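Protein chains in written order, with this note's numbering: chain B, 1 to 395; chain W, 1 to 395; chain E, 1 to 142; chain P, 1 to 142.
These are calculated hints, taken from the structure and not from any lab test. A quick note: this is a predicted structure, and the numbers were derived from the prediction, not measured. Treat each hint with caution, since some may be false.
Calculated lysine-lysine pairs in the DSS-like style (CA-CA distance at most 27 Å, straight line) [to be verified]:
no.: 1; chain 1: P; residue 1: K59; chain 2: W; residue 2: K255
no.: 2; chain 1: E; residue 1: K36; chain 2: B; residue 2: K227
no.: 3; chain 1: B; residue 1: K315; chain 2: B; residue 2: K294
no.: 4; chain 1: B; residue 1: K123; chain 2: W; residue 2: K303
Letter by letter, the chains look like this.
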Amino acid sequence: MYKKDFPVLNKGITYLDSGASSLKPSIVMEAMNDYYNNYGVNVHRGVYEISHIATEMYEAARERVAGFINADTEEVVFTRGASSSLNIVASSYGLANVNEGDEIILSELEHHSHLLPWQNVAKVKKAKLVYIPLTKEGRITVDNFKSVLSDKTKVVALTYVSNVMGYVSPLDEIINIAHQNEIVVSVDAAQAAPHKKIDVKKLDCDFLSFSAHKMCGPTGVGVLYGKKELLNSMDPIEFGGDMNDDVGLYDATFKDAPYKFETGTMPIAEVIGFKTAVEYLESIGMDEIQRHEKTLRDYAVEKMLKIDGVKVYNKDSETGILAFNIENVHPHDAASVFDKNGVCLRAGHHCAQPLVNWLGEVATLRASFYIYNTKEDVDKFIESVIEARDFFGQF
Amino acid sequence: MYKKDFPVLNKGITYLDSGASSLKPSIVMEAMNDYYNNYGVNVHRGVYEISHIATEMYEAARERVAGFINADTEEVVFTRGASSSLNIVASSYGLANVNEGDEIILSELEHHSHLLPWQNVAKVKKAKLVYIPLTKEGRITVDNFKSVLSDKTKVVALTYVSNVMGYVSPLDEIINIAHQNEIVVSVDAAQAAPHKKIDVKKLDCDFLSFSAHKMCGPTGVGVLYGKKELLNSMDPIEFGGDMNDDVGLYDATFKDAPYKFETGTMPIAEVIGFKTAVEYLESIGMDEIQRHEKTLRDYAVEKMLKIDGVKVYNKDSETGILAFNIENVHPHDAASVFDKNGVCLRAGHHCAQPLVNWLGEVATLRASFYIYNTKEDVDKFIESVIEARDFFGQF
Amino acid sequence: MSDLNNLYRQVIMDHYKNPRNKGLVGDANYKKFHVKNPSCGDDITVQTKVADGTIQDVKHDGTGCSICCSSASVMSETLMGKKVTEAEDIIDNYYNMIKGKEYDEDLDMGDAIVYSGVANFPARVKCATVAWQAAEESLKNE
Amino acid sequence: MSDLNNLYRQVIMDHYKNPRNKGLVGDANYKKFHVKNPSCGDDITVQTKVADGTIQDVKHDGTGCSICCSSASVMSETLMGKKVTEAEDIIDNYYNMIKGKEYDEDLDMGDAIVYSGVANFPARVKCATVAWQAAEESLKNE
Ligand SMILES: Cc1ncc(COP(=O)(O)O)c(C=O)c1O
Ligand SMILES: Cc1ncc(COP(=O)(O)O)c(C=O)c1O
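Can you make the complete structure from the sequences, with help from the hints?
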């Protein structure tokens with residue numbers, strides 16, 4: 001139903017790699033072309049009309065994206081992407097507030113982009129990383145979170161939706177408990193923002209990071225949401241044009257958030273395209289998107305479980321991610337069967353080596369569903385699973 | 001002659017703010033649309049055909065951009081823009097190598113994005129910022145550089161072309177002298193790369209930073225060039241997906257440069273568009289671009305010097321930037337006359353407060369010329385200068 | 001030139017060259033607020049003295065373009081002697097006028113009305129509101 | 001299925017299941033090089049022993065997909081006993097074949113020729129070259 005909005009799908013491929021990056025609807029490219037063709041100039045500094053328009057469009061995008069997650073406008077910092085956002089939290093908040101002996105709670109479900117920044121903080125500050133034990137299924141639970149909580153815990157850094165397993169973390173309660181203990185919570189929403197409604201006020205997280213390119217938006221832009229007082233209390237980690245008030249030879253004063261974190265010329269076209277992407281998603285409705293993905297996933301799981309020689313790692317997951325392997329077939333070998341059939345999916349560790357190790361594998365296959373996928377896509381996918389199993393079974 | 005390549009110019013405006021951001025030719029947008037419409041997926045990780053194509057295009061861009069400045073391919077790190085590049089140099093190389101009492105040489109011509117990162121290094125490491133005295137005209141000279149060079153100098157951070165004055169710094173000799181003293185040189189080429197041929201091997205700089213958006217390329221992407229041994233000796237400052245080799249729960253190993261500095265999903269479409277921009281510039285020829293700008297500038301200066309009540313700050317500059325004010329008219333007031341006439345230029349401190357202070361002003365006007373400008377643009381500009389002078393003269 | 005003449009009225013240039021109520025005072029009964037627009041150097045401080053819900057005095061100082069500096073002077077005259085609640089209405093009405101939105105033409109805004117031409121120069125809206133923002137903040141919690 | 005059959009020839013799968021020359025040795029006369037492709041887990045170490053400009057022995061070990069592991073085995077057989085200069089030619093020729101460029105079909109590459117089908121799966125080029133890159137590096141400066 002939405003397929004026609006996505007030009008890449010005209011090529012007849014079956015795209016099941018939205019977990020890595022979603023496809024983009026034409027209107028997003030149109031919004032960016034409109035910028036480049038009609039008012040493609042710098043923002044915040046020009047005193048002529050099209051520069052003013054560019055500035056208004058840039059700031060309107062901030063407002064719209066803030067609305068998307070129910071944040072206040074000045075709590076939305078634009079960044080290069082989720083990885084950058086997560087790094088700002090660790091490098092600015094983390095390095096300044098975590099001290100020797102403090103503990104940082106995270107999980108083996110974390111994407112490298114949420115894990116490595118805190119590994120760095122732990123190393124630099126001689127703090128300790130503490131992992132929430134996962135259930136047999138690979139889930140984070142509130143009880144297991146409580147079991148590692150201590151009076152040394154300073155930060156909790158957790159993914160909202162796992163990019164390998166698709167599980168939704170029970171963040172509401174975890175954040176509540178964390179706050180009772182004056183612990184700050186950084187949420188990696190890279191796999192959540194594209195697929196479910198997020199309300200930062202209700203969730204009450206302290207930081208939340210995500211990327212446009214996974215949610216029908218352009219490459220090159222993402223968001224760091226932070227509570228206003230927190231952002232304003234933090235030091236910038238990039239210094240330069242536009243983020244300052246007064247600059248002397250030896251000293252400078254900085255603007256308030258979000259501007260103090262937006263140095264130099266920002267990804268203007270991308271921010272403008274991001275706004276259109278958010279509008280596109282909202283025109284469909286986040287609940288509808290989630291429902292659609294779940295329907296496809298349930299349909300796929302039902303079929304997968306009937307196939308001998310296939311291992312599904314996350315059969316009860318609540319979002320559109322399917323983690324699996326074909327027995328005795330290396331995921332990379334299987335992937336070429338999918339590729340030959342025009343089925344695009346991922347084989348590897350999905351930037352989550354700790355989790356793939358936890359699963360006892362070197363790599364897995366991952367199919368991820370999004371709004372433009374259909375039951376026919378699932379059928380094609382299932383055919384390829386069977387073909388791969390049979391093809392390699394012959395040797 | 002090149003006007004027709006730039007859709008914004010169909011609006012009939014006279015665009016003289018290329019120093020802030022250049023306009024983009026259609027082919028750059030086409031290259032990005034081609035990515036989004038035909039193979040708009042993630043790079044480096046997918047095992048299917050269009051992901052492979054995206055990866056090849058991304059890496060081909062690196063090769064092409066490296067060729068543009070005569071660098072080796074692995075010496076080109078893609079970043080969010082010049083400001084980010086300059087910050088990586090200061091935060092990674094600077095914080096690790098500058099120590100208490102060391103001196104960092106820079107100039108009052110520096111853009112905030114080259115000044116503030118080193119202010120931070122100086123503060124954190126208790127090092128000293130030392131400014132090269134400028135000549136009456138506002139220039140950096142080799143002699144004045146020598147006058148501040150000391151055995152405590154660790155880093156020299158200089159702009160190649162000043163974004164306010166347009167002066168070309170005598171970097172060849174300065175870098176030569178710096179290297180004889182084992183001093184590392186960071187070059188801000190944000191205003192040089194768009195306008196003149198750069199050969200990093202000949203220049204022998206250690207680091208060189210620039211942005212795509214000022215050279216006919218998209219927003220959201222820039223380059224950090226660094227000598228291979230230097231880049232490989234440096235720690236990454238952002239940690240996450242794709243920049244690592246092996247990730248364990250408590251430790252990780254990182255890839256070699258450039259990858260260790262490229263974390264998470266990069267600005268893929270932008271990098272691809274950047275390649276096209278570089279090809280566009282090379283198809284015209286950097287020497288021809290420089291010649292064209294100089295011709296327009298000389299033509300403009302000649303006319304400006306004949307107008308009473310106008311102050312030109314950089315009449316002998318060698319690139320296409322004109323810094324001026326209209327006597328007794330605040331630059332912001334003048335700017336509205338230009339705006340009314342569709343002449344887009346800049347009024348303000350141009351993210352170079354120290355220089356504007358040095359000039360004894362709170363703000364200046366800046367007209368900057370690029371390949372798509374013509375003598376007619378200069379004439380329109382001159383008319384507006386006279387109109388602004390006369391209009392405010394009446395009160 | 002009609003647009004320009006609309007923007008730069010004689011009265012604006014007059015307030016620019018001969019600002020009223022300019023210069024700050026060292027009196028603790030005044031509240032003070034400072035607003036700046038670093039990208040162009042506009043930098044205005046406003047002081048207000050309120051008693052019994054009425055604005056007794058308005059002072060201002062700073063630097064900037066003619067629109068910015070003159071509007072500080074005009075603002076000071078316009079708000080002087082007004083009730084705080086009236087002042088708030090005027091400030092809102094002024095913002096609407098400047099931004100080209102609908103505004104109440106019957107509300108007495110004194111000379112401030114001459115800034116209506118700014119609406120045609122959106123890039124100058126900031127200049128025309130810096131001083132008013134400072135006043136608005138200074139009057140907060142009165 | 002013709003493309004797939006072209007990629008996964010029987011001989012490839014045979015080398016995958018029954019690798020020749022597998023397992024490293026603790027002998028200082030061998031040079032060693034390790035190459036990995038972290039995004040998919042391919043991880044191959046190659047050892048080469050050279051004397052008088054001739055490759056006396058090739059060993060390999062590691063993990064990866066069938067293309068990667070089998071190609072380590074095939075590589076070891078192909079290069080064994082060759083002069084280093086011959087080996088370099090073969091390696092270059094192999095890269096050209098894998099990448100779908102022109103290559104010398106007359107050059108004796110032994111079983112390595114069966115990897116020609118990889119050219120139709122560009123995303124697998126890396127898998128098919130990891131072991132050969134390790135060999136190339138290990139032979140450098142011989
Ligand atoms: C000389 C100079 N350096 C650095 C920059 C910063 O570039 P960007 O804003 O693209 O990060 C600019 C552009 O504003 C500049 O003119
Ligand atoms: C859970 C999760 N976190 C973080 C990231 C990093 O996002 P990006 O690559 O856009 O920086 C990703 C995407 O790869 C992800 O899936």
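Evaluation of the provided hints:
1. Restraint check for P/K59 and W/K255: satisfied, since their Cα atoms lie roughly 26 Å apart, inside the 27 Å limit.
2. Restraint check: the Cα-Cα separation between E/K36 and B/K227 comes to about 24 Å, which is no more than 27 Å; the hinted pair holds.
3. Using a Cα cut-off of 27 Å, the hinted pair B/K315 and B/K294 holds, with the two alpha carbons roughly 12 Å apart.
4. Distance hint between B/K123 and W/K303 is unfulfilled; the C-alpha atoms sit about 62 Å from each other, more than 27 Å.
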